[in-house]
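Quick note on my numbering: the sequence shown kicks off at 1325 and runs consecutively.
You may find that some hints are simply not true.
[Stated by the list, open to error] Computed list of lysine-lysine pairs in DSS-like fashion (alpha-carbon distance at most 30 Å, straight line):
#: 1; residue 1: K1528; residue 2: K1595
#: 2; residue 1: K1480; residue 2: K1636
#: 3; residue 1: K1480; residue 2: K1603
#: 4; residue 1: K1603; residue 2: K1615
#: 5; residue 1: K1636; residue 2: K1615
#: 6; residue 1: K1666; residue 2: K1480
#: 7; residue 1: K1603; residue 2: K1647
#: 8; residue 1: K1480; residue 2: K1595
#: 9; residue 1: K1528; residue 2: K1603
[Unchecked claim] Quick list of the computed label-pair ranges, beta carbon to beta carbon:
#: 10; residue 1: E1607; residue 2: E1408; range: 26 to 34 Å
#: 11; residue 1: R1376; residue 2: V1584; range: 24 to 32 Å
#: 12; residue 1: L1599; residue 2: E1362; range: 24 to 32 Å
#: 13; residue 1: V1345; residue 2: T1487; range: 38 to 46 Å
#: 14; residue 1: P1658; residue 2: E1617; range: 51 to 59 Å
#: 15; residue 1: V1345; residue 2: R1376; range: 12 to 20 Å
Note that these hints are calculated values from the structure, not bench results. All residues carry an ideal CB built from backbone N, CA and C; glycine is no exception.
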Amino acid sequence: MAFKIFLTGVTGLVAGDVLYVLAKKYPAFEYAALVRSESSATRVREAYPDVRVVLGSVDDSDLLSREAAWADLVLHAADASDHEGAARAIAAGLVEGHSVSRPGYWLHTGGTGILTYFDTVENRLGQPSDLIFDDLDGVETLTSFPDEAFHRNVDKIVLECGTVHAGTVRTAIICPPTIYGDGRGPVSGRSRQCYEMAKFILTKGHVPIIGTGLATMNNVHIQDLTQAYILLLEAALASSDSKELWGARGYHVTSTGEHVWGPLARTMAAKARELGLLKDNGEIKEYQMGKEEALETAGFEAISWGLNSRCKGRRLNRFLGWKAEHPSLNDEIPGILTSEAKSELLVRVAMDSR
1325 MAFKIFLTGV TGLVAGDVLY VLAKKYPAFE YAALVRSESS ATRVREAYPD VRVVLGSVDD
1385 SDLLSREAAW ADLVLHAADA SDHEGAARAI AAGLVEGHSV SRPGYWLHTG GTGILTYFDT
1445 VENRLGQPSD LIFDDLDGVE TLTSFPDEAF HRNVDKIVLE CGTVHAGTVR TAIICPPTIY
1505 GDGRGPVSGR SRQCYEMAKF ILTKGHVPII GTGLATMNNV HIQDLTQAYI LLLEAALASS
1565 DSKELWGARG YHVTSTGEHV WGPLARTMAA KARELGLLKD NGEIKEYQMG KEEALETAGF
1625 EAISWGLNSR CKGRRLNRFL GWKAEHPSLN DEIPGILTSE AKSELLVRVA MDSR
């Protein structure tokens, strides 16, 4: 019997890239993908004719539960870290549809935004921090953040499912930091934080600096992130019940690099000038930005340019040999700028043709 996988978020960056790899590596698997609109469903079907498209949204609890019960493994990436209802529905379906003899696996997409808690609670923006978490020796800290921490409400649902029902449901929370690189999904392959920064530099002609510009975050290339999902999926294929991968300790930060936001913005601006992507190739000035203006610029992505989120992602390396194999964020800056410049040009052309 073919291994069955239910995915949410395939029209986005993360699940879209994972599906790209899975469909090539495991074409005999049965795949079902949650897709919200018929227009996006058409693109998914064109790219993957053998994938069963499930029309619906993360608000459709009965649908999510039914598909989770059907699947051997659920990969949840559509608004996964913040939608409580979807997490509860998936948990209910996995519990209902699985047993000790046929356990269900849940790869849940969280995020290292939870690590910004201390900046938030101290109302600190754009300041440096020496606080570094560790998902190997310090995993209990990551799984016991205060309830008001970002993503914590959903983390608790997944962790409870994977501990209370450990015999039948094996959960792993994958926490990506800032993602960069081109995704290979059927609809969207664009990340947000660094790309919104590049867009701001190219369109506004300013280097965005929040506070001192010394807030620090981790990062990961999308294809390295995808490999983390693949390794965990392959552990599921091997019927792994390792307590270091699943359940109470199944909390995996996929960090392979680190950047400081202010210097990153300055490097982007310098490279944009070098590539001739700035209007009139003029001088570009630093622009001090506060919280409200950041929100208006690019939502939380811009706020994050002033937040610290630092963690040593060692757990997947220790137990599954996961490591960085793709270019660093600094190496990808020319590609980020070029893709954003092309996108802006296409938008202008489309507007001029109206």
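Checklist entry - Broken hints, numbered, in rising order? => result 3, 6, 7, 8, 10, 11, 12, 13 and 14
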